[in-house]
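Novice: Chains S and V supply the protein sequences, listed in that same order. Heads up: the first sequence at position 20 corresponds to 114 in the working numbering, and the numbers run straight through without jumps. Heads up: the second sequence at position 281 corresponds to 309 in the working numbering, and the numbers run straight through without jumps.
Keep in mind the hints are simulated off the structure, nothing from the lab. Hints should not be assumed to be uniformly reliable.
[To be verified] Simulated DEER-style distance windows between Cβ atoms:
| # | chain 1 | residue 1 | chain 2 | residue 2 | range |
| --- | --- | --- | --- | --- | --- |
| 1 | S | Q307 | V | R157 | 27 to 33 Å |
| 2 | S | D183 | V | G112 | 49 to 55 Å |
| 3 | S | H134 | V | A73 | 36 to 42 Å |
| 4 | V | R263 | S | D214 | 50 to 56 Å |
| 5 | S | D153 | V | R157 | 48 to 54 Å |
| 6 | S | G186 | V | D90 | 52 to 58 Å |
| 7 | V | R238 | S | D157 | 35 to 41 Å |
| 8 | S | L137 | V | T153 | 21 to 27 Å |
[What the hints assert, rightly or not] Partial list, computed: chain V residues near chain S (C-beta under 8 Å):
| # | residue |
| --- | --- |
| 9 | A134 |
| 10 | Y141 |
| 11 | S142 |
| 12 | A164 |
| 13 | L202 |
| 14 | T217 |
| 15 | N220 |
| 16 | S256 |
| 17 | A258 |
| 18 | Q295 |
[What the hints assert, rightly or not] Anything over 10 Å on all C-beta distances counts as not near chain V; from chain S, calculated:
| # | residue |
| --- | --- |
| 19 | N96 |
| 20 | G116 |
| 21 | D136 |
| 22 | T152 |
| 23 | D156 |
| 24 | H234 |
| 25 | S255 |
| 26 | W271 |
| 27 | V291 |
| 28 | E302 |
| 29 | S361 |
| 30 | Q375 |
| 31 | S451 |
Even for Gly, the Cβ is constructed at its ideal location relative to N, Cα and C.
Here's the letter readout for the chains.
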Amino acid sequence: MNLLTQPVAIQGIGCVGAFGRGAAAFVEAMQRGTTAPQYHDDLHGDGSAYFPAFLATTDGLDDYVPKRALRRLDHYSRLALLGGCLALDDAGISADQRDRIGVIVASGYGASATTFGFLDSVLDDGDHCASPTAFSNSVHNVAGAYLSMQLGIHGPNLTLSQFEMSVSAAIYNAVCWLQQGRVDTVLVGGVDEHCAVLNYCYRRYFAEEIEPQRIEPFAFNRQTAIPGEGAAFLVLSRDPKKSRYGYIDAICAGHVEQRAESVIQRSPILLGADGHRNSGQWYQRCVGNPKTSCSAVYGSLPSGQAFDLVAAALMVRDQQCHAACDRIEEAAQIRQITSIKCASDGQFGAVRVSRWSGKGR
Amino acid sequence: MVNRIAVTGIGCLCAAGNTLDEAIASMLAGERHGSAPRRFTTTHADTFPVFSIAGEFDDVSDRDMLRTSRLGLAAAHQALAQSGWSLETLKSLRVGVCMGTTVGSAMNNEAFYSDYRQGANPSMTPIDRFLASNPAAVISRHYGFNGPTQTIVNACSSGTDAIGLGAAWINAGLCDVVLAGGADELCRTTYNGFASLQISSSVLCRPFDRSRCGLNLGEGAGVLVLESEASHRRRKIEAQGFVLGYGSGTDGWHLTAPHPEGRGLKQALAEALAVSRVRVEQLAFVNTHGTGTRDNDRVESLVLGECLSGLPFHSTKGYTGHTLGAAGAIEAAFVLGFLQRGQMPASAGFENMDEDLGAVPVTSVTPFDATMALSESLAFGGNNAVLIFERGEVS
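Only chain S is shown next, with the shape it has when bound in the complex (with noise of 0.2 Å):
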C-alpha cells in the first residue's frame, strides 16, 4: 500500500440506493443482510423477462435544490446530486462555505439512460431531430456539472469512466488535490444509474445462469450478481481536526497478481465482490484475511466501491463490521478496514480507511 504522509480525514458521507438515502438507512440494511431486489413485470422486445435490479428513488432532494432547478435533470444526475448534498448536509458544509471544494464523479457507464434516449430521438424522428437536450445532458460530465450548478462549487471538477476501478481513481484524485493543497475538500463519490439496455445485458449474459435471488458475494465460482444503482459520496478534507469517520491513510492499485500482496495486511477487508463470477476469482486471493461485503445491500454496479468507502467510514466509526460477515473474527472491533474492488481482467483498486492518524495508526 501507499501510505500517505498525510491521511485525508472523512468529515461527512451520503448515499442513497436501494435501500434507501443516508446512513442510517445504509447501517439498516447492512445489518439486515440483504436489500429486497424489485421484479418489473415487463418485457423486453424481444420477450424476454427483466432481470430483477436493485432500484433507487431520488425522493427529498428537493429538500436540499429548488425544484424548478431539478426540472431538467434526469435521473443520474438526481442521484449524483441527492447523494453529493447529503455528505455536504453531513459534514455541515454550507452553501457559504464551499469556496475551496473540489469535485469529483465516478461513473461505470454515465447517464446511460439519456444516452438512449438521445438515440431514441435519432431513431424515431431522423438525425435532424435529433434532441439537443439530451445529447447535453448524456456527456459522462454531466452528474459534475450539475454538483457545480446546484450547489456553487466552482473549484476542481473531474469526472472519472474506469468501470470497477472508476471510484478507486477518484480517491488517488481527491488525495492528490487534498495533499497538494488544490483545495481543502474534496467531495468524492461514485453514481450509476440502471437502465433497460443494461437490464437487457443481464439477461443476455447470463442467460444460462439461475436467476439470482439475491448476491452472495463470497460465492466467487458462481454468478449471482443483481444489477443496483444510487450514489455515495465522501466529504474528504486535509484537515485532521474534521474527521468524523476516521482518515484514508493508504492507497494502492495494480494487477492482483503483482501486488496484492501489499493490500493483504492485517486489517480486515470489505470486498466489493457483488457476485460476478469473472471478477470473483481475483477476490479469492483475498481470502486470508477477515473479509466483509456489503454489496447485497446496494446491488451490483461498476462505482460500487463508493458504497464501500462510505460503509468503510461508519464501520471505523462505530468500531463495528455493521455488514455480512463469512467468520467469527470479524465481529471484532473495527479500527481499520480495507476497500477493494477488482474488476473482471484482474486490475484492483484498495483503499483504507483507518480510526486514527498519524503514529501508531
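Place chain V on chain S using the hints.
Specialist: Structure of chain V alone, referenced to chain S:
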C-alpha cells in the same frame, strides 16, 4: 505544481499527420484536410466537414476494441518508443495510465440499440467491444503495467486534465511513470449531437474569425510519457519537454455554454500560473481551445485580453478539427513540438478580425525565442483546464 515533470516520450496522430513530426510539418505548411465523414453517413441536409485520420495507422493490438482505444494505443506506442523505457523495466515500476476521452466511454452503439428496440435479439459483440475498450485500461493491460489507471471524461478538457492529473500522481509519489493523454474517434452519435446543438459548421472552421460559424469534429490521440525530473536525469534521457503547471476551474453556469466572463477559465489560468511560478511575459504563445463557435471564441478572446494580453496565440482546430477528449492531449504534443522548433503555425481559418472580439491570432508561421507556452481547454459542463509547458532538451 511542486516540481516540473519531464516529458520523455510523445505520441500523436490526427488528421494533420500520423506522427507528431508529420502533423507539425503539415500545419507549418498550412495544409487542411477536412472533408465529409468517410466512416458513416447521415441524413442531414448539410454536410458538416470532419477531420479524419488519413488511411491506416499503426494498429498495435489485434484485439477487438473501439477505434478510440486503438488510436490511444497507437499514440502510447509512439510515446513509449521515444521514451527509451524498456517494457521489462516498466513492469517493475508503478506505471499509471491516465487518458481522456468522450466517445471511448459512451455505450451508444446505434445498431445494437436499434436492434434491441425492435426486439431483434442483437449480437452482444458491440457491448463486448465497449466493455473491453476503456482507453486507459486498454493501454495498461496491453503493456502489463502495474499502477493506477483512469479514464477522464470531462468532455473536451479531458486530455488536458489527464496530463495535469497524471503529473500530479508523480508529484505525489503515487507513480514512477505515467502515460497520460487522450483519444477520441469520429462517431455518428457525436456528429448528430453537435449538429443538434447547432454548433457544427458546414464549412471548414474559422476560429476567432468574424464569420466563424461553428466547429468541425476530428479524431486522433495524443499520449505523453511523464516521469519525475530526477528519474529522467538518472536515465540520462533527454526530455522532450516539461510540464510546469496545471490548473482547472469550473464555471458552474451552463451545461454547454461557457461562463460569459470566463470565470472558470480565469480560475484555471490563475492556478496554472501560480503553481508553475511562471509570469505571463515569460510565455512564448498561447494555444487556445479555439473551436470556432461563437460563444467559445468570444469568451476566450475576453480572457486573453484580460489575463494574457499581448501574447501571440492560435488555434490548431483548423488543422485537426475538434477531437473532443483527445484535443487537449494532441495540442499538448503540438505545443511541445512547437517549443522544440521555436515556431508556431498560423491559426488556420482566420481571415478577418471580429470587432466584438478584438483578438487576432497569428496569421502566418511565427518564430519565437521564449521557452514556455500555455495551452487551454474549455468543455461542456463548465470544465476549464490549463497546462503550462517548457521546452525540453531535444532541439
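Novice: For each hint, tell me whether it holds in the structure or not.
Specialist: Hint check results:
no.: 1; hint: Q307/S - R157/V: 27 to 33 Å; in the structure: holds, 32 Å
no.: 2; hint: D183/S - G112/V: 49 to 55 Å; in the structure: holds, 51 Å
no.: 3; hint: H134/S - A73/V: 36 to 42 Å; in the structure: holds, 41 Å
no.: 4; hint: R263/V - D214/S: 50 to 56 Å; in the structure: holds, 53 Å
no.: 5; hint: D153/S - R157/V: 48 to 54 Å; in the structure: violated, 37 Å
no.: 6; hint: G186/S - D90/V: 52 to 58 Å; in the structure: holds, 54 Å
no.: 7; hint: R238/V - D157/S: 35 to 41 Å; in the structure: violated, 49 Å
no.: 8; hint: L137/S - T153/V: 21 to 27 Å; in the structure: holds, 23 Å
no.: 9; hint: A134; in the structure: holds, 6 Å
no.: 10; hint: Y141; in the structure: holds, 5 Å
no.: 11; hint: S142; in the structure: holds, 6 Å
no.: 12; hint: A164; in the structure: holds, 6 Å
no.: 13; hint: L202; in the structure: holds, 6 Å
no.: 14; hint: T217; in the structure: holds, 7 Å
no.: 15; hint: N220; in the structure: holds, 4 Å
no.: 16; hint: S256; in the structure: violated, 14 Å
no.: 17; hint: A258; in the structure: violated, 18 Å
no.: 18; hint: Q295; in the structure: holds, 7 Å
no.: 19; hint: N96; in the structure: violated, 6 Å
no.: 20; hint: G116; in the structure: holds, 26 Å
no.: 21; hint: D136; in the structure: holds, 13 Å
no.: 22; hint: T152; in the structure: holds, 19 Å
no.: 23; hint: D156; in the structure: holds, 20 Å
no.: 24; hint: H234; in the structure: violated, 4 Å
no.: 25; hint: S255; in the structure: violated, 4 Å
no.: 26; hint: W271; in the structure: violated, 8 Å
no.: 27; hint: V291; in the structure: violated, 6 Å
no.: 28; hint: E302; in the structure: holds, 13 Å
no.: 29; hint: S361; in the structure: holds, 20 Å
no.: 30; hint: Q375; in the structure: holds, 16 Å
no.: 31; hint: S451; in the structure: holds, 17 Å
When held up to the earlier numbered hints, the structure conflicts with 5, 7, 16, 17, 19, 24, 25, 26 and 27 and fits the remainder.
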